[in-house]
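Numbered according to mature numbering (1 follows the signal peptide of the UniProt record, and there is no 0), the sequence shown spans residues -21 to -1, 1 to 298.
Calculated directly from the structure, the hints in this document are not laboratory data.
Even for Gly, the Cβ is constructed at its ideal location relative to N, Cα and C.
Treat the hints with care, as some may be off.
[Said to hold, decoys possible] Label pairs and their in silico Cβ distance ranges: (1) G53 - R29: 43 to 49 Å; (2) A265 - D205: 39 to 45 Å; (3) E282 - A184: 25 to 31 Å; (4) A234 - R127: 41 to 47 Å; (5) Q224 - A130: 28 to 34 Å; (6) R102 - I48: 30 to 36 Å; (7) D97 - Q252: 33 to 39 Å.
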Amino acid sequence: MPLARAALLLALLVAADSLRAEPPLLRLSVLQFGTAHWELDHLQRHGLDRDEGFVLDVRLVANLPASRIAVSSGDVDGAVVDLTWAQARHVAGHSYRYLPYSSQMGDVLAAPGAPIHDIEDLRGKRIGVAGGPDSKGWVLLTRAAQARGMALEREAQVQFGAPPLLSQAFRRGQFDVLVTFWHFAAELTAAGEADVALPMDSLLASLDIPTGLPILGYVFHDDWADDHQALVAGFVRAVASTKRQLRDDPDHWEALRPLMRVSDDAHFTALRQGYLQGIPEPLDEARVAALQRLLVMAGSAAEEVMPARLFVLDPGGVP
């Protein structure tokens, strides 16, 4: 009996050590057709998560609302969202830590040759908008219109929807104008199926907002991030390594090509270059202040803007 008890105790100790050795799991919700899926696929395939002491679990969803619900409910630890959504949740009393993902924004598109060159030309037009009313592109477009005395939500016919469905409807001529995610915009323009009617940089300039700011980011609930500081820091380093590898070695992109769902080399090149151009500079105090100013210009009250502590600074990020 003593030997049997000793063997049982040894087995329990071995099992306990095994459990302690298992790295923590980080659950992220991302769009199945989104560019973050490319980034995270590379991260997983090259073991950059395990190099940083955690295991990444990617949960793919079909639309933005599903991803937002997943992170809001705690079904996942993090998600990729617009900065404007994180700001809205902060105002509602649910703060999130914000790690920059991309500075890319889709331009406002119109059919090739359409006489749409100014915000004034949007009056009475049928406008398709990817996401919902708080989608970053739509928020900035409506603010730029308000500065010109226009209320697009009343002066145009607006329909919100999922990006793939909106692209199909746009091709069929059901919309005059499309405000969509940048990679869907890149596909349409690369195929010659759309022209850039209003560059997003020009809209930002009209609002006196700097360009190149990271308006897409990974978010983690503030309380959860406090309790998992080492895990968040490991993810920050793994993402920075991923971006550097995808930037510095074009060969990595061949493995991502199936996820990009491109039909030819022109689309593939446009999407790859768009991703690379959107890699944001690491956040510092000055860029955080610029993001806060962007939120004010987009309609948030200055006293309710996300505080600097919610923005993840990463001086060792992608230079």
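Hints violated by the structure (numbers, ascending) = Checked against the structure, the hints that fail are numbers 1, 2, 5, 7, while the rest are satisfied.
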